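Line order of the protein sequences matches chains Y and L. Going letter by letter, the first sequence gives residues 178 to 469 in the working numbering. Going letter by letter, the second sequence gives residues 2 to 286 in the working numbering.
Since the hints were made in silico from the structure, they are not lab data. Owing to the predicted nature of the structure, the values given are computational and were not obtained by experimental measurement. Where a beta carbon is used, it is the ideal one built from N, C-alpha and C, also for glycine. Just so you know, not all the hints are guaranteed correct.
Below, in silico cross-link-like pairs of lysine-lysine (DSS-like), each with a Cα-Cα straight-line distance of 30 Å or less [what the hints assert, rightly or not]:
hint : chain 1 : residue 1 : chain 2 : residue 2
1    : L       : 282       : Y       : 286
2    : Y       : 326       : Y       : 396
3    : Y       : 326       : Y       : 315
4    : Y       : 326       : Y       : 360
5    : L       : 217       : Y       : 286
6    : L       : 217       : L       : 282
7    : Y       : 201       : Y       : 326
8    : Y       : 315       : Y       : 360
9    : Y       : 396       : L       : 111
What the simulated footprint calls covered on chain L by chain Y, stretch by stretch (three residues with Cβ under 8 Å from a Cβ of chain Y suffice, anywhere in the stretch; the number is not a length) [said to hold, decoys possible]:
hint : stretch
10   : 62-71
11   : 79-91
12   : 111-117
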Amino acid sequence: MNPTEELVDLLDLEQIDGDLFRGKQPESARARVYGGQVAAQALMAGIRTVPEEYAVHSLHSYFLLGGDYAVPIIYDVERIRDGRSFLTRRVVARQHGRPIYYQTLNFQKPEEGYEHQDLIPDVGAPETGFDLVEVMRKGGNDEADALGKEWGALDVRWLGNTRFGLESDDGHVSQARMWVRLKEGLGDDPRVHAAAFTYASDVSLLGSTLSVHDVNPSKTQMASLDHTIWFHRPFRADQWWLYDQWSPSAQGARGMAFGRIFTQDGTLVATAAQEGLIRPRRGGSEGPGVKE
Amino acid sequence: MPRDADELLALLDLEKLDDDLFRGNQMPTTRPMVFGGQIAAQSLVAASLTVEEPYVAHSLHSYFLQPGDPSVPTVYDVENLRDGRSFVTRRVIAQQHGRPIYAQTVNFQKAEDGFEHGESMPDVPGPDDSSVRPVSRKQQEELHADQWNVADIRFVGSSAQGLDEDPRHPGRQRVWLRVSSPLPDDQFWHRAAFTYLSDMTLIGAAMSPHGISFGKGDAFVASLDHAVWFHRPFRADEWWLYDQVSPSASAGRALVIARVFTQDGQLVASVAQEAVLRPRKGASS
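So that you can see chain Y by itself, here it is in the shape it has in the complex (with noise of 0.2 Å):
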């Protein structure tokens, strides 16, 4: 299997019972596990649950305990609403017996409204972009290689951030900015690339928070508290999507970042919100999240 084969394969959940599910654990080649595959396997595990003329336009969850990459994770989903136009799912991830992540998800039957939405920057295309690995790898960060391995699916172009190649734009103090697909194609089932793009989602938001400030990120502690995503528009997450991330704040060990998605073509096709902790790293601290 390619590694786009890969993650598909740990999104395809086993039912265990009516709502019940288990998600695979893959190769990692870091003792532990990446937030966005529990999010994503999540997701998949609360579409499971609804009838598919029902789409998710968000999710909202939280980060509780580090996950043990030797066991495989379960999901049990509750069912907090049956409406109409709006379907409400609880999803429990968990391992030995305890909570580690807890995402609610809201699913709606598609209709049509008013449109609006903001501008595309301008940036440059995907092809202008550095291999993201190759630019963590430059910067210092001792886990490039083994984060490039764990994303492995992931084609991240960078453009640049606060302090390396991007311009202030729109009163942001800490940006950056990438073009992200999946390097292989996905088939043609929305759930597959809603589920694709929400993994992807947290390779590289709480890493804003950092854009303005001096520090190797390998040197820092870094845990997703919480992670939230909008769906506005549907959109394949292997064609090249815009990821344009800002934080407005940080304070008190703890970062704030925000994140546009944009298809190439200018269609604003989600927003995703996520808090994080961030703190310089000292010896022997733990940290909250699924990220140690």
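Guided by the hints, dock chain L onto chain Y, whose structure is given.
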């Protein structure tokens, strides 16, 4: 509905039924459903009552599930999701008539230091500037019944009127807000009161590019979710700028993201809300 800080505090002062179980009162309202900000604020209070110092609420995420019934109290059932060393997490289910009407998750942190940055406040006229339009109590009551009476609201402008056109963001709105009379000093009450007020005016930013508004009754609006990130301590009873951008509307939904600045220019909170925003046509909604 609350007309001043004292009445708001009374509404937020929950009755403890059992460990992790609370009851929130209603106040008389002319509206058929409970104001979302009230449910969000009462939930935050319920969660906070189960958490000991020194942990302080720094974020909440929530979904509105059913319209609240203003004729009966709301029961808040708190579940303990995590008691960590640095972080504590609670989930609150608000229920009436045996059904969940609202689900909120709240995260608390023990204070520590770290990296610091914050976006600057945009250049806007202050709340007392002659160009800034106070929204009178009478207007508020006409627009939103009586549930907004606890707020002083001054309208700076929106994409429809008063703000310069910004092609990057077609849906914008800026409003000064505060609780209309003084609150106690404890930050606990300021976070709760802010959460109450944070559900006001937001969707106006999404309506502004479409020639619709709350008052005209030409659109159906219902909050779907509500998230607040508290960055820095601040007083909800002193003016704060609610700087709102709606990045997207589509498929009968609209998203609004807002920054909250104190008058001295500090970024103190971020808010996000998605809502149903539908043209009101005939009988269908």
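Status of the hints after comparison with the structure:
1. L:282 - Y:286: holds, 18 Å
2. Y:326 - Y:396: Status holds; Cα separation ~20 Å.
3. Y:326 - Y:315: holds, 16 Å
4. Y:326 - Y:360: Roughly 13 Å separates the two Cα atoms, so the pair holds.
5. L:217 - Y:286: Status holds; Cα separation ~27 Å.
6. L:217 - L:282: holds, 13 Å
7. Y:201 - Y:326: holds, 17 Å
8. Y:315 - Y:360: OK: residue 315 of chain Y and residue 360 of chain Y at ~22 Å, within 30 Å.
9. Y:396 - L:111: holds, 22 Å
10. 62-71: That given contact holds, which follows from 5 residues of the stretch 62-71 of chain L lying within Cβ reach (below 8 Å) of chain Y.
11. 79-91: Holds, because 7 residues of the stretch 79-91 of chain L bring their Cβ atoms closer than 8 Å to Cβ atoms of chain Y.
12. 111-117: holds (count 6)
In summary, the structure agrees with every hint in the numbered list given earlier.
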